[in-house]
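Since the structure of chain A is already known, use the hints to place chain B on it.
There are 2 protein chains.
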Amino acid sequence: LNKFKGKLIGVTSKTKKLGKDDPRRIIHSVKMGLALSLISLVYYFRPIYDSFGVSTMWAVLTVVVVFEFTVGATLGKGFNRGMATFLAGALGVGAHHLASLAGEQGEPIVIGFFVFLLASAASFSRFYPEIKARYDYGVLIFILTFSLVSVSGYRVEKIVQLAHQRLSTIILGSLTCVFISIFVCPVWAGEELHNQIAVNLEKIADFLEGFGGEYFQTELSNGESALDTKDEKLFLERYKSVLNSKTAEENLANFAQWEPCHGHFRYQHPWKQYLKTGGLIRQCAYRVEALNSYIKSEIQAPPEFKKKIQDACIKMSSESAKALSELASAIRTMTQPCTANVHIANSRIAANSLKTTLKTALPMDTDLLQIISAVTVTALLVEIVSCAENIAESVHE
Amino acid sequence: LNKFKGKLIGVTSKTKKLGKDDPRRIIHSVKMGLALSLISLVYYFRPIYDSFGVSTMWAVLTVVVVFEFTVGATLGKGFNRGMATFLAGALGVGAHHLASLAGEQGEPIVIGFFVFLLASAASFSRFYPEIKARYDYGVLIFILTFSLVSVSGYRVEKIVQLAHQRLSTIILGSLTCVFISIFVCPVWAGEELHNQIAVNLEKIADFLEGFGGEYFQTELSNGESALDTKDEKLFLERYKSVLNSKTAEENLANFAQWEPCHGHFRYQHPWKQYLKTGGLIRQCAYRVEALNSYIKSEIQAPPEFKKKIQDACIKMSSESAKALSELASAIRTMTQPCTANVHIANSRIAANSLKTTLKTALPMDTDLLQIISAVTVTALLVEIVSCAENIAESVHE
Numbered sequence: 003l004n005k006f007k008g009k010l011i012g013v014t015s016k017t018k019k020l021g022k023d024d025p026r027r028i029i030h031s032v033k034m035g036l037a038l039s040l041i042s043l044v045y046y047f048r049p050i051y052d053s054f055g056v057s058t059m060w061a062v063l064t065v066v067v068v069f070e071f072t073v074g075a076t077l078g079k080g081f082n083r084g085m086a087t088f089l090a091g092a093l094g095v096g097a098h099h100l101a102s103l104a105g106e107q108g109e110p111i112v113i114g115f116f117v118f119l120l121a122s123a124a125s126f127s128r129f130y131p132e133i134k135a136r137y138d139y140g141v142l143i144f145i146l147t148f149s150l151v152s153v154s155g156y157r158v159e160k161i162v163q164l165a166h167q168r169l170s171t172i173i174l175g176s177l178t179c180v181f182i183s184i185f186v187c188p189v190w191a192g193e194e195l196h197n198q199i200a201v202n203l204e205k206i207a208d209f210l211e212g213f214g215g216e217y218f219q220t221e222l223s224n225g226e227s228a229l230d231t232k233d234e235k236l237f238l239e240r241y242k243s244v245l246n247s248k249t250a251e252e253n254l255a256n257f258a259q260w261e262p263c264h265g266h267f268r269y270q271h272p273w274k275q276y277l278k279t280g281g282l283i284r285q286c287a288y289r290v291e292a293l294n295s296y297i298k299s300e301i302q303a304p305p306e307f308k309k310k311i312q313d314a315c316i317k318m319s320s321e322s323a324k325a326l327s328e329l330a331s332a333i334r335t336m337t338q339p340c341t342a343n344v345h346i347a348n349s350r351i352a353a354n355s356l357k358t359t360l361k362t363a364l365p366m367d368t369d370l371l372q373i374i375s376a377v378t379v380t381a382l383l384v385e386i387v388s389c390a391e392n393i394a395e396s397v398h399e
Numbered sequence: 003l004n005k006f007k008g009k010l011i012g013v014t015s016k017t018k019k020l021g022k023d024d025p026r027r028i029i030h031s032v033k034m035g036l037a038l039s040l041i042s043l044v045y046y047f048r049p050i051y052d053s054f055g056v057s058t059m060w061a062v063l064t065v066v067v068v069f070e071f072t073v074g075a076t077l078g079k080g081f082n083r084g085m086a087t088f089l090a091g092a093l094g095v096g097a098h099h100l101a102s103l104a105g106e107q108g109e110p111i112v113i114g115f116f117v118f119l120l121a122s123a124a125s126f127s128r129f130y131p132e133i134k135a136r137y138d139y140g141v142l143i144f145i146l147t148f149s150l151v152s153v154s155g156y157r158v159e160k161i162v163q164l165a166h167q168r169l170s171t172i173i174l175g176s177l178t179c180v181f182i183s184i185f186v187c188p189v190w191a192g193e194e195l196h197n198q199i200a201v202n203l204e205k206i207a208d209f210l211e212g213f214g215g216e217y218f219q220t221e222l223s224n225g226e227s228a229l230d231t232k233d234e235k236l237f238l239e240r241y242k243s244v245l246n247s248k249t250a251e252e253n254l255a256n257f258a259q260w261e262p263c264h265g266h267f268r269y270q271h272p273w274k275q276y277l278k279t280g281g282l283i284r285q286c287a288y289r290v291e292a293l294n295s296y297i298k299s300e301i302q303a304p305p306e307f308k309k310k311i312q313d314a315c316i317k318m319s320s321e322s323a324k325a326l327s328e329l330a331s332a333i334r335t336m337t338q339p340c341t342a343n344v345h346i347a348n349s350r351i352a353a354n355s356l357k358t359t360l361k362t363a364l365p366m367d368t369d370l371l372q373i374i375s376a377v378t379v380t381a382l383l384v385e386i387v388s389c390a391e392n393i394a395e396s397v398h399e
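Order-wise, the sequence lines are chains A and B.
Note that the first sequence covers residues 3 to 399 in the working numbering.
Note that the second sequence covers residues 3 to 399 in the working numbering.
Just so you know, these hints were derived from the structure itself, not from any lab.
Warning: the hint list may mix true and false statements.
From the structure, some residues in chain A lie toward chain B, with a derived Cβ separation under 7 Å [unchecked claim]: (1) Leu146; (2) Asn246; (3) Arg289.
Every residue gets a Cβ at the ideal spot worked out from N, C-alpha and C, and that includes glycine.
Bound-form chain A, shown alone (with noise of 0.2 Å):
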């Protein structure tokens, strides 16, 4: 019995903590919730029910499968739901009048026929990398209908009025998620990631921020930074959630596409646009993931070499930070970067007083060796400088 509390206490606390870390996602639920509640309605009004008949579980089935938590991914899939359903509609009653002319024994096997020949053509299409993106659920749906209609045994009349009679309820149920997906607490795919782009340039503006500090602390101060060293840790990690982020950024430009405009976005907003500048960002991540190593590297520097390089280095990160950061609040008031620019060439300007330093800075008897680490650093910071160059160019255009 206590293992079963604790663990309903487990429970509750992370039912807590997802509801608390998006709360859009308890609004989503209860629209969700909302939606069924009020296409199941339509079983009660009698006039909706008698025109229907029992067509009407494919309203309550399309509101289920279809209601998604963005507005795009709704919009997306009632589309392709109400067009497959219509075109194999159509075509499965041609073929159902095709081979009900090749007399009761023929028929099952045309029947038999048609539906192998489409079900392979259509499941082949999903492999086609721009049918998966936009159109997979289409392609579901419409060897489903394609299926149910052809070899159902009906006579051709009554399949064309129970073919009217579930595209209307199928139409019915994606307007009903479409309304309130788009009239309740919408949430817009577009914004989605138009937000998740200046926030992955954050975490990479935070890690730069924190990681002057960070890897020149040790003789800064080696006693008082070991207090808050949890929570520098945990900032410093931030970033590493950007290196994956491609797959859910291209979702997100996928569902985009179907919205209307919204906000600050038109329609056909250029999503690649973001695209881009998210793979850019993402090759930013991978450096400082690289540069992330040296930190907890065991080989450091010796400490008069890392005290003449450090201004410069610090100098570099922070500007670059500072630049990034201008350019995510840039991307989230829609303006043009004003600062950014200065900031990127304060950055350039450290890069290169940093290479006369070096050109000059080297003791005779330095050991090469242990200077490797702090060097390669420094190069790395060079490059993410020019990351962040090409960043802001992208978010220019």
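Showing chain B alone in chain A's frame:
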């Protein structure tokens, strides 16, 4: 018309490429067609059709949505669908009975309330990562079935009969899918994951193998290598797909958990270990990505310095390449890698000899700035060697 013709040719060549890249795609499509035609025949077997009636369509529906590319995914979906239908059906009958106690006026309200409550709760549960990974589809079907059953206007006895029919047809459909996916050219998610890990290792090994030649080529044979540049570039780019392999690997691991014992794999093979190894390989790929940017870098170290580190660097990268491809083939054959450790030890030795070289090699008048990139390259290679060590350890487990 010409435009259309051009498009047609484009699509045809694309289709050929898709089929050639992975012939299992064609097989999968044919299997899908086969499963559907088989289940469609049920409509024409009078004894089965008579006992199931209109519910037969649920068998077709099940086949379309349950049939997936890998055995694991099919099994998982089939299991989810069956279990969810059973549970939700039982609950739905209960809810329907309770609601009918409320009288004709109260019924819609009580039902609406139940549907709202369960749909919201179930939708929210889909945000738990554990449920999302394994039972996402089940929860969807749960909501679907519960709403359909509790809302439908039938009497309880009629519902029980319907529920029974539907469950049987769904089980029939699922079994068809499972049988065809297991016995006709099966694609095991576990094997996919296994091969994916090996392929990823090989991709990185390829890069490391080629890196030495590519980076130091400028002075080796400037004229000759320009010819096969394109081919070489291609295999130097192959590792890029490793960077974003996380989602695919996690999905495969999820599917693999559903699979029974097959080939060299038993049920509940330690798939988690694969994910861990995959993560380490990605760590290594991030370093490779950082390394790759130096091949194209404009600032190259002075040739005499490069020459000094050349042997050790090439040794390091080719020995780690050998170790990695050794590990890859060990994974493929599921044996203990015997010589991988030797190669790793060799690359360690090379790294150490490089260190001593560096201690002495630095001419007094060297411009540190110029050798920065070369030094960084060596540092990254050292990192990669230790990554390779971690991977080796992980594979041993």
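Do the hints match the structure? See the list:
1. Leu146: It holds, given that the least Cβ distance between Leu146/A and chain B is near 4 Å, below 7 Å.
2. Asn246: holds (5 Å)
3. Arg289: holds (6 Å)
Taken one by one, the earlier hints all hold for this structure without exception.
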